[in-house]
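Place chain B with the ligands on chain A using the hints.
Just so you know, the protein sequences line up as chains A and B, in that order.
Quick note: the first sequence uses the working numbering, first residue 1, plus one each step.
Quick note: the second sequence uses the working numbering, first residue 1, plus one each step.
Incorrect hints may appear among the rest.
[As the list claims (entries may be wrong)] Simulated crosslink set (DSSO-like; lysine-lysine; CA at most 30 Å straight-line):
1. A:K7 x B:K224
2. B:K13 x A:K7
3. B:K13 x B:K460
[Said to hold, decoys possible] To give an idea of the chain A side of the interface with chain B (calculated C-beta under 7 Å), a few residues:
4. K7
5. A10
6. I13
7. Y14
8. T32
9. E57
10. E58
11. P76
12. W100
13. M101
14. Q113
15. A135
16. N140
17. W142
18. I146
Rather than coming from a laboratory, the hints here were simulated on the basis of the structure.
Each residue gets a CB set at the ideal place from its N, CA and C atoms; glycine is no exception.
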Amino acid sequence: MSETFTKSMARNIYYGGSLFFLLIFLGLTMHTTREMPKTDHRENITPSVVRGKALWEENNCVGCHTLIGEGAYFAPELGNVFYRRGGGDSAAFRGFLNGWMAAQPLNVPGRRQMPQFHLTEQQVNDLADFLEWTAKIEVNQWPPNIEG
Amino acid sequence: MNTLKYQSQSVAKPYFTFALILFVGQIIFGLIMGLQYVVGDFLAGAIPFNVARMVHTNLLIVWLLFGFMGAAYYLIPEEAETELYSPKLAMILFWVFAAAGTLTVLGYLLVPYSTLAHITGNEYFPTMGREFLEMPTITKGGVVVVALGFLFNVGMTILRGRKTVINLVMITGLIGLAVFFLFSFYNPSNLALDKLFWWWVVHLWVEGVWELIMGAMLAFILVKVTGVDREVIEKWLYVIIAMALISGILGTGHHFYWLSTPEYWQWIGSIFSAIEPLPFFAMMLYAFNMVNRRRREHPNKAAVLWALGCAVMAFLGAGVWGFLHTLSPVNYYTHGTQITAAHGHMAFYGAYAMIVLTMISYAMPKLRGIGEASTNKAQVLEMWGFWLMTVAMVFITLFLTGAGILQVWLQRLPETGQAMSFMETQDKVAIFYWMREVSGVIFMIGLVVYLLNFCIDRKKAASS
Ligand code: HEM
Ligand code: HEM
Ligand SMILES: [Fe+2]
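Chain A extracted, bound-state conformation (with noise of 0.2 Å):
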């Protein structure tokens, strides 16, 4: 680099720039978790749905499952799986992952296998309705199609 540009200019620029633009990430953040609450719809977060989320990470389906894409690769997006499962009603959707609760592991040979977590009815209707409100939340139009 050229001797115009010294050691002191490049400093200034890494602490006006760093600050300048932490400065607008912090406001944009603000402005950001004001507006959330218009497509998250936090008004529909019942204590099941309090309880589905504390169930989700106790047993950690991330560690398989993404969910709205962030996650692990292993098996099925579960984000819209309330759509692709249980055709966007709630009882069907209960219904089914009911069964598929109680099925685990399907023992296929070879298949990727998903582990029994023994959860009782009440906590897997509360994990249905969890996914049902992620299902709803506004994530602009992801993922492009229903498998996810």
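Relative to the frame of chain A, chain B with the ligands by itself:
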């Protein structure tokens, strides 16, 4: 022959050694998962995929943290030109962190995750069960305690001594690492908010403050092995970290595309993250430039190879593979596919695993009392390890990218009704997973060869 400038630098040795042990563990669990990808029921009862994944990624993060801390204990006293404030504290924290880490991994492996959550009281302060942040809340607390003690120790050392640019950038990066980790304690029941701030840990680490740590470590090594004027190297360092933070902070927006967030993130995320490859490109230019302008032939050829390799692989993994899927219209189709996994692998290996291995390569001969560099024979073995691991990682990345492109083609691009299901798609691309696994085995062989280099100079180290 003792070539340490300050005796307290020797606390770095257990940190580096333990880091390498955890690295081996990480790769073993990677291989288990790689096999489960194609032989789904392999060990499925004993080590379910999600458990193996937690072990794989958490060991990665923890061995990198051990590596960063070891690097700090090594370079900060040398830069500050003073002994470490408290070598004793450094050793106590080593054992605390090693014990907490080992217990946590044993917890993952020995009891079901829900039981671990229950035993550790996750219901009272739920932070578990989120990708990369799976460790129990008490372990997270332990990490904070260790981090505070560590920052106090190196902070006092800097305050007491010479305040070089390298030291200031290093400590800023380390403080940033600790500060952003605090967001792992924030876990609201609103998933959208949870995700928003989860990225404050994950993204602002690897595309923010960790780049400061990497830049400082690379600068330190370049000063040492090339003998180029410190002023020049420090100027570059400022330029690189300025570019890193200016692009990387708002670049966080590339994770806010599909997250119940305002539309403007599509633009901000795309534009700023498209600039993120620049600091990595600059690091590559700078490393080669400094080595070409070197004023001395450093006897540790392996360390120079690691430094150059790290700069190239970081640029490829973070810069090129990051750019590949960072623009919002592309990310719409690639989000959460094998393309993400491909990028994650090469970026983590190229930038952070390799910078730690660079530091280890430079410091270990001195820490072991061998001298400026290991013997020629040991270096040859080390360089074999370098090439085997690095080439294997290139192939892992290429195969995962192949799998990812097909996955997008079959599962994401077609309309609902025409698109193939996830599980069916996985069957179709199995050949790529097999080839990834073969590359993984080669990576493991490379790692073993690399570790063998430490055995060659054993006698010399012992007699010193
Ligand atoms: C033998 C070599 C390796 C194999 C076979 C392997 C395999 C895997 C597998 C199967 C996953 C899970 C992907 C999924 O969620 O479906 C994974 C995740 C991951 N591995 Fe490895 N791995 C290896 C080496 C490494 C190395 C050397 C690094 C870094 C230095 C690394 C870093 C990661 C990271 C960061 C993730 C999480 C990726 C993401 O979330 O996108 N792995 N690995
Ligand atoms: C050394 C630096 C970097 C590391 C270690 C790294 C690592 C990772 C990892 C592990 C993930 C997966 C996170 C998850 O599990 O959901 C990820 C995602 C991503 N990274 Fe990086 N990254 C780095 C730099 C970059 C850069 C410079 C760019 C852009 C140019 C970039 C673009 C992305 C994008 C767009 C995603 C989201 C992928 C998706 O939508 O699924 N990364 N990165
Ligand atoms: Fe990112």
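Do the hints match the structure? See the list:
no.	hint	in the structure
1	A:K7 x B:K224	holds, 20 Å
2	B:K13 x A:K7	violated, 34 Å
3	B:K13 x B:K460	holds, 17 Å
4	K7	holds, 4 Å
5	A10	holds, 4 Å
6	I13	holds, 5 Å
7	Y14	holds, 4 Å
8	T32	holds, 5 Å
9	E57	holds, 3 Å
10	E58	holds, 4 Å
11	P76	holds, 4 Å
12	W100	violated, 13 Å
13	M101	violated, 13 Å
14	Q113	holds, 4 Å
15	A135	violated, 11 Å
16	N140	holds, 6 Å
17	W142	holds, 4 Å
18	I146	holds, 4 Å
When the structure is compared with the earlier hints, violations turn up for hints 2, 12, 13, 15 and for no others.
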